[in-house]
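A.B. asks: So you can see what is in the structure, the chains are spelled out below.
2 protein chains.
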Amino acid sequence: METNKNEAITSRDVDFAKWYTDVCRKAELMDYSSVKGFIIYRPYGYAIWEQIQNYLNKRFKGIGVSNVYMPLVIPESLFNKEKEHVEGFAPETLIATIGGKNKIDDPLIIRPTSEVLFCEHYAKIVSSHRDLPKLYNQWCSVVRWEKTTRPFLRGSEFLWQEGHTIFATEEEARGNALEVLNIYDDLGRELLAIPFVKGLKTDKERFAGARETYSIEALMHDGKALQSGTTHYFGTGFAEAFGITFQGKDNILRHPHQASWGVSTRLIGSIIMVHGDDNGLVLPPQVAPIQIAIIPIQQNKEGILAKAENIKNELEQAGFRVIVDSSDRTPGWKYAEYEMKGVPLRLEIGPRDLANGQVVIARRVDGKKEVVANENIVWEVSRLLKETHDEMYAKAKTFLDNHIIPVKTLDALKEVVDQGGYAKMMWCGSRQCEDKVKELTTATARCLPHGDQKPFDDKCGVCGKKADKVVYFAKAY
Amino acid sequence: METNKNEAITSRDVDFAKWYTDVCRKAELMDYSSVKGFIIYRPYGYAIWEQIQNYLNKRFKGIGVSNVYMPLVIPESLFNKEKEHVEGFAPETLIATIGGKNKIDDPLIIRPTSEVLFCEHYAKIVSSHRDLPKLYNQWCSVVRWEKTTRPFLRGSEFLWQEGHTIFATEEEARGNALEVLNIYDDLGRELLAIPFVKGLKTDKERFAGARETYSIEALMHDGKALQSGTTHYFGTGFAEAFGITFQGKDNILRHPHQASWGVSTRLIGSIIMVHGDDNGLVLPPQVAPIQIAIIPIQQNKEGILAKAENIKNELEQAGFRVIVDSSDRTPGWKYAEYEMKGVPLRLEIGPRDLANGQVVIARRVDGKKEVVANENIVWEVSRLLKETHDEMYAKAKTFLDNHIIPVKTLDALKEVVDQGGYAKMMWCGSRQCEDKVKELTTATARCLPHGDQKPFDDKCGVCGKKADKVVYFAKAY
Chain A
1 METNKNEAIT SRDVDFAKWY TDVCRKAELM DYSSVKGFII YRPYGYAIWE QIQNYLNKRF
61 KGIGVSNVYM PLVIPESLFN KEKEHVEGFA PETLIATIGG KNKIDDPLII RPTSEVLFCE
121 HYAKIVSSHR DLPKLYNQWC SVVRWEKTTR PFLRGSEFLW QEGHTIFATE EEARGNALEV
181 LNIYDDLGRE LLAIPFVKGL KTDKERFAGA RETYSIEALM HDGKALQSGT THYFGTGFAE
241 AFGITFQGKD NILRHPHQAS WGVSTRLIGS IIMVHGDDNG LVLPPQVAPI QIAIIPIQQN
301 KEGILAKAEN IKNELEQAGF RVIVDSSDRT PGWKYAEYEM KGVPLRLEIG PRDLANGQVV
361 IARRVDGKKE VVANENIVWE VSRLLKETHD EMYAKAKTFL DNHIIPVKTL DALKEVVDQG
421 GYAKMMWCGS RQCEDKVKEL TTATARCLPH GDQKPFDDKC GVCGKKADKV VYFAKAY
Chain B
1 METNKNEAIT SRDVDFAKWY TDVCRKAELM DYSSVKGFII YRPYGYAIWE QIQNYLNKRF
61 KGIGVSNVYM PLVIPESLFN KEKEHVEGFA PETLIATIGG KNKIDDPLII RPTSEVLFCE
121 HYAKIVSSHR DLPKLYNQWC SVVRWEKTTR PFLRGSEFLW QEGHTIFATE EEARGNALEV
181 LNIYDDLGRE LLAIPFVKGL KTDKERFAGA RETYSIEALM HDGKALQSGT THYFGTGFAE
241 AFGITFQGKD NILRHPHQAS WGVSTRLIGS IIMVHGDDNG LVLPPQVAPI QIAIIPIQQN
301 KEGILAKAEN IKNELEQAGF RVIVDSSDRT PGWKYAEYEM KGVPLRLEIG PRDLANGQVV
361 IARRVDGKKE VVANENIVWE VSRLLKETHD EMYAKAKTFL DNHIIPVKTL DALKEVVDQG
421 GYAKMMWCGS RQCEDKVKEL TTATARCLPH GDQKPFDDKC GVCGKKADKV VYFAKAY
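Top line first, the protein sequences correspond to chains A and B.
Residue 436 in this note's numbering sits at position 436 of the first sequence; the count goes up by one each step and never skips.
Residue 239 in this note's numbering sits at position 239 of the second sequence; the count goes up by one each step and never skips.
Chain A extracted, bound-state conformation (with noise of 0.2 Å):
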């Protein structure tokens, strides 16, 4: 059955969770398939993704990675070799034992990441200094058996990119992890209009096999945050258990550092929970499949389909992305729609406005409403779009400000993540603390910040022994 749009979804502060199904379904960004956890991306879900694809192959190229494709499946005694990987990822592996009516020897495990596939393969083409450095990228789906999932921040499968780097140098190494992190920065500022709070992780949190694992955290509109992409350096771990090794100049064999990186179909969960509101979708104009959709009143009167479609012409030649609704609903029924799909920028054009020659534009983003001039259109509209895209930025970073509280005590801390935001804590560096606070709040330590590591107390939050490290706690999803 087609989803009736005119409907009223969820209100986001009666049932936040219920609210994020509403607008993921909704909008049609997805749909269930038969099997739990494996979603649909539906063509206005994956077009966002797209749009996500583009931009970081842009800059990925730009610090000279290469797109590559490895095998869906890894053999269980492969898998095997990476003792503390394997413990992290075998409780929630999908295996394949039968192919072609026959059972397999060594079965096989749908990819949950690549790690081992490169470095079988990095172990195979690195044997020299000039062989190095190799920065890999590939773009596809990995399974993790998941007990509960939700569509976009947590399924049996979804789709990634996994960048997977091998360097000569420890710095080289780290050096790219912090180089990624800084570009998934960028995607949130320049594309998602989401500033992330991006910094360490710690040995708790860290990724099974890394050394150090680092993160972008986005805070959700209920004070959740969410882990929305990594970086990791594995020093020579990984190296060492698959034999990889290189001759320098100086002929002496070394084993490589390694690094790699990721970001996921999450990033579109981030994107609904920043910026949604209670009529649905709110989407950044840069990541907007439809940026503009231009919505005939009346129009079956002679010129308006036609105008319609020249100021389509126009923006689409302007390089803007741009619909015209000519079907047979009512104005009314596709203005909801619209809205309910977050285009940034609704373009009403009827006979008055024929006649006067001017069209009225709507902003998704506060339903502000501005007459326009035929021929200012192009100019107007681009700077409409750049305007929503600042204020949602903008909008998204003071609630990120205004949810970063300092605190002494785990009381305090208890307080601030119970009510929605990060706790920003002194810490001594102790797993003890770490799980003291997870034990009485449930929230987790989410990174320590870069850019905010200025102690402000010398004394940790929670055991009061010496603490020179800055951590932010919250819930997460």
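Quick caveat, the hints were computed from the structure, so don't treat them as lab data.
Quick caveat: nothing in here was measured; it's all calculated off a predicted structure.
Hints are supplied without guarantee of correctness; some may be wrong.
Chain copies aren't distinguished; within one or between two, either way the pair holds.
[Claimed, not checked] List time: in silico DSS-like cross-link candidates among lysine-lysine, alpha-carbon distance up to 30 Å:
1) K101 - K204
2) K124 - K36
3) K386 - K61
4) K312 - K61
5) K61 - K26
6) K81 - K18
7) K147 - K81
8) K312 - K58
9) K101 - K147
10) K475 - K459
11) K103 - K83
12) K386 - K58
13) K469 - K397
14) K475 - K101
15) K61 - K408
16) K459 - K469
17) K307 - K61
18) K124 - K147
19) K103 - K147
20) K81 - K124
21) K307 - K368
22) K307 - K58
23) K103 - K36
Using the hints, position chain B against chain A.
C.D. replies: Just chain B, lined up with the frame of chain A:
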């Protein structure tokens, strides 16, 4: 170990199969993984695929296609819904039976193709004539558990696009299958420099579940055909099996008509075997990841490298894909490297060229060299690439035309297909005659070619009965 580029590869005429795999590996298009039939698409091979994706995405968009992403897995119970379809694919499926350490009740087939997933989705989202047509496409990998595998030609996993479309009428659905067949044909002519034979498959060679299958067939250097893409008209068979209906403007409930179509990384195999030579790959300029390789000679002399970089920038600004190889290898090693990789043009710049304000440009396709004045480089590169494309296409077209031989008897047919090429035969249309050809010659009916259906005899070349269909038979990959 790094492949030694200067080591000679097997000659095409000595062992074509060995030549093929030598080229695949030494041109660094792919590598083997530890699971049979699952290959690694290395940067150079994957970049060719990305060029094909770019071309097709634009063309698909031009006919209103949207990209989507469907789940990787299909429950066995769902897969079994369309009888003919399941019989065609069941013998070669990879099946996951364990998820998160537990047995899965309804085992999950790793998609060999996604008809049933699209049908299940269409059944949910199509209910009115207003919901039609839908033209969806996805880029993904599929898995078919094959006994005999060869890089790009037949893999247990391969990359492809699969379009799945649904319409109110038979005319529209068949029209879509034919329209996309023409897009594939354009892809051959405009991008790959490959002339395809296109036409209708016989019932015996139809896709499992289709009413009509159309294909594009390429002729390899060894005279064997390679099916390089197919489009299918399904009728209402899947719609009936999956309960997809829509209410027409007349309020009557009907089953919609469907089509599907796909090309895969097999196209890379076509490129290799149509254009390659004893020095390796020869890439058509439009699809070549690197169109011009600039080789500095005596690069330590002042001004050489700077000049090489200047030319690179100039060519890149003109829209070409260029590299400068300033590694410490010898020029001879580099010549062999880019020859092996089939880079269309090599641009040499040495001290004398620098002094004379010129460069030397060599064409991969025939080794011809030209001296080009600095101020003409962009123009000459543009001309040489265009000429290269046109000559490659013309050469392949002549080869194809010379290998379509009319035959009136089974003996004549056998002689033609044994030597290599298409035997063009009049056919009565019976399955029996088709089977007999295969039994005696191993050749199969490739298609009833569009544009070549004029009868040249009135008797079937096998049984002698009345015949009005022209069929091309050939041995095939």
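A.B. asks: Hint by hint, say whether it matches the structure.
C.D. replies: Evaluated hints:
1. K101 - K204: between (43 Å within a copy, 24 Å between copies)
2. K124 - K36: Classified as between; 17 Å across copies, 38 Å inside a copy.
3. K386 - K61: both (26 Å within a copy, 27 Å between copies)
4. K312 - K61: Between. Shortest inter-copy distance 16 Å satisfies the 30 Å Cα cut-off; intra-copy 32 Å does not.
5. K61 - K26: between (36 Å within a copy, 24 Å between copies)
6. K81 - K18: neither (42 Å within a copy, 33 Å between copies)
7. K147 - K81: both (26 Å within a copy, 28 Å between copies)
8. K312 - K58: both (27 Å within a copy, 19 Å between copies)
9. K101 - K147: Answer is both: 28 Å inside a copy and 12 Å across each meet the 30 Å cutoff.
10. K475 - K459: within (23 Å within a copy, 79 Å between copies)
11. K103 - K83: Both: 26 Å inside a copy, 24 Å across copies.
12. K386 - K58: Classified as both; 21 Å inside a copy, 27 Å across copies.
13. K469 - K397: within (24 Å within a copy, 70 Å between copies)
14. K475 - K101: Between copies, since 28 Å is at most 30 Å while 46 Å is not.
15. K61 - K408: Intra 44 Å, inter 57 Å, cutoff 30 Å: neither.
16. K459 - K469: Answer is within; shortest intra-copy Cα gap is 10 Å, inter-copy 89 Å.
17. K307 - K61: Between copies only: 23 Å across, 41 Å inside.
18. K124 - K147: between (37 Å within a copy, 25 Å between copies)
19. K103 - K147: For K103 and K147, the Cα distance is within 30 Å both inside one copy (27 Å) and across copies (14 Å).
20. K81 - K124: within (16 Å within a copy, 44 Å between copies)
21. K307 - K368: within (23 Å within a copy, 55 Å between copies)
22. K307 - K58: Close across copies (26 Å), not inside one copy (36 Å); limit 30 Å.
23. K103 - K36: both (25 Å within a copy, 15 Å between copies)
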